[in-house]
Amino acid sequence: MQRTSVSYLLTGVGLTVLLMGSILFLRHLRPLAPTAAADFRKAKGPIKAPVQLMEFSDFQCPACRVAQGPLSKLLSTYPTKIRLVFQHFPLERHRWSALAHQAAECASEQDRFWLYHDRLYDEQSVWSILKTPPLENFFRYAKEEGLDLDRFSRCLADPAVNQRIRQERATGAGLGVRSTPSFFVNGKLVVGTESLRQEVEKAAR
Amino acid sequence: MKASSGWALARLLVGLILAYAGLSKLLEPAANFEATLLKYGVYPPSWIPWMAQVTPWAEWLLGSFLMVGYAPRLASTGTALLSLGFIVTLGSSRLFLEAGGTDCGCFGHSGLHLSLHQIFLVDLGIFLVSLRLLFLRDFPFTLDAILLKREGPEDDKLKRSKGTQ
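Residue numbers (the working numbering), protein chains in the order written: chain A, 1 to 205; chain X, 1001 to 1165.
Among the hints, erroneous ones may be present.
Said to hold, decoys possible - Some chain A residues judged to face chain X by a derived CB distance under 10 angstroms, without partners named: (1) S7; (2) R41; (3) N162; (4) R164.
Worth flagging that the hints you see were computed from the coordinates, not collected in a lab. Source: prediction; values computed, not measured. Note that CB positions come from ideal geometry on N, CA and C, so glycine has one too.
Required output: the full structure, derived from the provided sequences and hints.
This is the structure:
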């Protein structure tokens, strides 16, 4: 009876290993690239829009702040044709970038990503020049955008959130992102707002 | 015999649907399924990341176990609970009540596309079949049937030897 149970259990373990291993092998063959619909909280526009736009951006990068104007214009020109997904790409040379991205990700957990995103870019010139971590500023923005501050605080200290951001950055680097802001228009890498406008207009037609 | 073949076929079908649902999600970034779960607006956002990780594995393993027929009673208990969870989730989602035609996202973003109303019926079917499987006396055409049959005589010998001691 004991031998029966052992061989039966071993079969189950073997089957589980085989099933899990096959998935890991398939994932290895076909790396998981983010799709434009990948992150509902950091996306706007219709899911099945003809222009799937992915933005890899850094909150402390001045060029990324400047790009927000043309990007908003494109979104308002083609409100039903563009699906925009934001992807974290904090650059190491920007001192408070990692913290800003973590704060934005924490806002995203409370479904306030875009409000916080706009706030970080609007006030970039204020918090980015500070000599000490701009926690006070980030908490103030959180409060003013209606976030639950206890949850926000816990999330800011959560290493798993930072890990998620790093993962997004690594995915971007793997896809060929070298500078910010970088965009993918229907999977095609575009750098610079003028190229972005041309590519989006072509795809939206 | 005919009825048991029918239930064997139903078991295969339920296993196939769940295994496919799990597989299609596991081969996409977990964030896709996170997006789907968030869309339903039923669970707190902090639950979503682990739910998006665990659910596809549960579907894949339970579905496959049911298909090959390893521990089918245990697997059908799992699939019954899983489908009941899906039914409750769908039923309590505002999206289901207000926009039932929306893609359910249950087979990932690149897999099969079913509306919320369609998947509700599929989940109901899976739940009922799983429930029925729980009460079957034996499971023909399963790995269990092969394993236990092969090991059966030894068990008998063992039982007999135990009986003589």
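How the hints compare with the structure:
1. Among the interface hints, the one on S7(A) holds; its C-beta lies about 7 angstroms from the nearest C-beta in chain X, closer than the 10 angstroms criterion.
2. Look at R41(A): its Cβ gets to within about 6 angstroms of chain X, closer than 10 angstroms, so that hint holds up.
3. At its closest, the beta carbon of N162(A) sits 14 angstroms from a beta carbon of chain X; the interface hint therefore is violated under the 10 angstroms criterion.
4. Proximity of R164(A) to chain X holds as hinted, the smallest CB-CB distance being about 8 angstroms (cut-off 10 angstroms).
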